[in-house]
Every structure is written in C-alpha cells, then in structure tokens.
Amino acid sequence: MEECRKYGFPYFKKSTVLVLCRFQNTLRLFTYLILQYNFHISVICGIINLFHLIILTRPAMRKSSVNLMMAAVAFFDICSLFQEFKQYYDIYMVSDSCLFPDSYASALLQRCSFALTNYSRRYSTWVCILIALIRTIVVRNPMSRFHENLTKPAAGYLVILGVFLASAPLGVLKLLEFQIEWSEIISYCDENVTIGFYHNSISDLFVANNLIILNTFYVTDAVISNVIFVKIYIDSKTSFQLIPCLLFPIVTFLLIREVRNVEQNRRRLFSSDKLADSKKATRFVLYFTLTFSIAQFPFGLTGSVLYLFEKTPGLSRILHYLYNLFSTMFTASTVTHFIVCMLMSSQYRDTVKSVVSCGYYSKEKIQSRVGTSVLPTIT
23 MEECRKYGFP YFKKSTVLVL CRFQNTLRLF TYLILQYNFH ISVICGIINL
73 FHLIILTRPA MRKSSVNLMM AAVAFFDICS LFQEFKQYYD IYMVSDSCLF
123 PDSYASALLQ RCSFALTNYS RRYSTWVCIL IALIRTIVVR NPMSRFHENL
173 TKPAAGYLVI LGVFLASAPL GVLKLLEFQI EWSEIISYCD ENVTIGFYHN
223 SISDLFVANN LIILNTFYVT DAVISNVIFV KIYIDSKTSF QLIPCLLFPI
273 VTFLLIREVR NVEQNRRRLF SSDKLADSKK ATRFVLYFTL TFSIAQFPFG
323 LTGSVLYLFE KTPGLSRILH YLYNLFSTMF TASTVTHFIV CMLMSSQYRD
373 TVKSVVSCGY YSKEKIQSRV GTSVLPTIT
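23 is the number of the first residue of the sequence shown in the numbering used here; add one for each residue after it.
One or more of the hints may lead you astray.
[Said to hold, decoys possible] Here are the simulated DSBU-like cross-link-like pairs (lysine-lysine), alpha carbons at most 30 Å apart as the crow flies: (1) Lys375 - Lys85; (2) Lys375 - Lys174; (3) Lys174 - Lys85; (4) Lys333 - Lys36; (5) Lys375 - Lys35.
Don't read these hints as lab results, they were simulated from the structure.
Just so it is clear, the structure is predicted and the values come from calculations on it, not from any experiment.
Using the sequences provided together with the hints, build the complete structure.
Here it is as structure tokens:
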C-alpha cells in the first residue's frame with residue numbers, strides 16, 4: 023500500500039491516489055480469489071462445451087450452416103482450455119520442482135498448448151462474428167436465392183474451412199516464436215545442488231534483423247485477434263486488439279437494426295409459420311452474439327489500452343487485474359452458447375433428451391421437427 027501511494031500514481035492528487043490505491047488493493051485480492059478457481063471454471067466449461075459439441079454434431083442438427091459453425095466454435099473453445107490444464111498440472115500435480123525439473127516434453131507441451139490457445143481463441147472469435155454477419159445478410163436479403171444458400175450446410179463447411187486456413191499462418195508462426203533451450207541454475211532448495219531444466223525462449227528467427235519478424239507478427243496478431251496480451255517490442259509499446267473488439271458491437275447493432283427494418287416487409291412476404299421460424303432464428307443469433315460480445319468487448323478493450331498507461335504503474339496494474347478477470351469471464355461465457363440453445367430451440371432440447379436417454383426418446387418426434395431447426399432456413 024505504501025509503495026502504491028509513492029510510485030503507483032505519480033500524476034494524481036494525494037486524495038485521488040489514496041482512493042485508487044484502495045481500489046487497486048481490493049481488485050488485486052478479488053482477482054487472486056477468482057484465479058484460484060480458474061481451473062475449476064475451465065473444467066466445467068470444457069465438459070459443457072463437449073456435451074454441446076456432441077449435440078450439435080448429431081444428424082438432426084447438421085441441417086443449418088450456423089449449427090455447424092457453432093459446433094466448430096465449441097470444439098475450439100475446448101481446445102483453448104488446454105493451456106489452463108497444463109498450468110494446473112505444472113503447479114499442483116508436479117509435487118517437487120527440485121526433484122522434477124521441467125523436461126523437454128514438458129517445455130514442448132507448454133509451447134504447443136500456448137500456440138493452440140492462441141489459435142483457438144482467434145478462430146472461435148472470428149467464426150462467432152461471421153455467424154452474426156451471415157444472419158444479418160440473410161435478414162437483409164430475404165428474397166435472394168444466393169443469400170438463402172448461406173443458411174445451407176455447405177456454407178457452414180466453407181466458413182469453417184476458410185477461417186481455419188486464414189488463421190493457419192499466424193498459428194504456425196506462433197509455434198515458431200519460441201525455441202526450447204537447456205539451462206542450469208543453483209537449486210533454491212539446496213545451494214550446493216545445480217539443476218538443469220528445459221524452458222521456452224524467443225527463437226533466433228524472431229529476434230533476427232532487429233526483431234522485425236517478432237514485431238510484425240505481434241502487431242498483426244494483436245490487430246486481428248483477441249488473445250492473451252503480449253508486449254510488442256517496438257517504440258510505442260502499444261498492444262491493439264481492434265478488429266474483434268469493435269466488430270462485435272457493430273455487427274450486433276446492424277443485426278438489431280435490420281430486424282426492425284424488415285419485420286414489416288417480411289409479414290407481407292411470408293406465411294405466419296415461416297415468419298415465426300425466421301424470427302426465432304434471428305433472435306437466437308442475436309442472443310448468441312450479445313452474450314459473446316458482453317465478454318469479448320471488455321476483454322479486448324482492456325488488452326488494447328494496457329500499454330497506454332505504462333508510465334502510470336498503478337493504472338497499469340489495475341488494467342492487468344481487469345484483464346485477468348475479463349479473461350476468466352471470456353472463458354465462462356462459452357457456456358452461454360449451450361444455455362441459449364437450450365432455452366430457444368425445441369429441436370436442440372429434443373436432441374439433448376435423445377442423447378441422454380441413449381436414443382430412447384421419441385426418435386419420430388425429433389424427425390418431425392427437422393424442418394424447425396435451431397436456425398430455420400429462410401426461403
């Protein structure tokens with residue numbers, strides 16, 4: 023607390039500094055409390071998303087492009103948790119670091135899990151944006167046969183493959199960012215013992231030519247991704263996560279506006295049953311986008327402005343704590359996809375009952391509702 027008052031907020035009045043230091047200390051304690059349960063939250067989210075993935079990949083659910091894209095999001099949401107599982111293993115399962123220093127396999131697994139988390143968060147973020155964007159386009163062009171095809175399974179497979187390939191170069195570079203090295207240090211358990219261990223460090227490829235590859239990669243990754251914040255080794259030392267952070271509220275706003283604009287016209291163009299299906303589909307995507315953007319926007323925003331306050335250590339720490347909290351909230355928000363589906367789709371609920379009952383639940387009933395999918399096709 024004393025250090026905070028002296029050095030944390032050098033450009034503020036004493037009364038303001040006292041309030042900010044108290045807030046920082048409270049936020050620090052709360053953040054550490056939440057982070058203690060990070061692994062448990064990740065396990066719960068992983069189990070729910072695995073079940074969600076199983077439901078979305080049932081034959082009755084693979085009739086909509088959005089269902090397929092949500093299945094891809096669920097899969098990569100699970101993959102994004104691997105780093106948390108690796109950290110838990112390192113901290114709690116390896117009982118004595120003096121006797122069991124990091125092996126080559128452990129360092130390699132850490133490197134791969136970090137790259138996988140980076141790739142998975144980028145992938146799921148962009149697919150979620152495209153889900154909302156596709157629905158906005160379909161609502162805006164209800165009579166277009168071309169735009170109607172965007173609701174077909176083929177469009178979903180194309181989006182899944184397209185985002186996968188577009189994200190692959192950054193994913194490969196993330197793997198090449200680090201190299202595994204061997205080091206020896208004096209053991210903190212016994213000063214007379216020297217222990218060797220493997221660890222990850224920035225690769226020679228990335229630090230060559232005045233860090234040009236490292237800087238280019240970090241800037242590109244930070245602009246188009248919403249992932250764990252990184253320190254960019256350039257003069258401005260500024261990290262941006264602009265596009266995903268800003269696109270979510272923009273696409274959500276456009277979807278809401280289009281729903282309001284075309285509702286009257288659609289009443290004249292479609293039957294009541296088809297109109298009800300379309301409204302249900304649009305509401306589903308809207309709620310899906312809202313729940314995701316509520317966690318996505320503050321998570322990306324805090325990561326974007328973090329380095330703007332490097333000269334004010336107190337504010338930098340506050341943003342760092344907020345970033346960790348929003349990162350946990352971002353992980354927990356993946357569960358809302360399952361909740362939204364359960365609340366809004368009768369077919370999804372029927373499929374859940376069928377899976378849980380090992381197929382005994384009214385297969386005929388499920389087949390009769392294939393035409394009323396979680397995101398009905400607009401014709």
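Against the structure, the hints:
{"no.": "1", "hint": "Lys375 - Lys85", "verdict": "holds (19 Å)"}
{"no.": "2", "hint": "Lys375 - Lys174", "verdict": "holds (25 Å)"}
{"no.": "3", "hint": "Lys174 - Lys85", "verdict": "holds (7 Å)"}
{"no.": "4", "hint": "Lys333 - Lys36", "verdict": "holds (18 Å)"}
{"no.": "5", "hint": "Lys375 - Lys35", "verdict": "violated (61 Å)"}
Violated hint: 5 only; the structure is consistent with all others.
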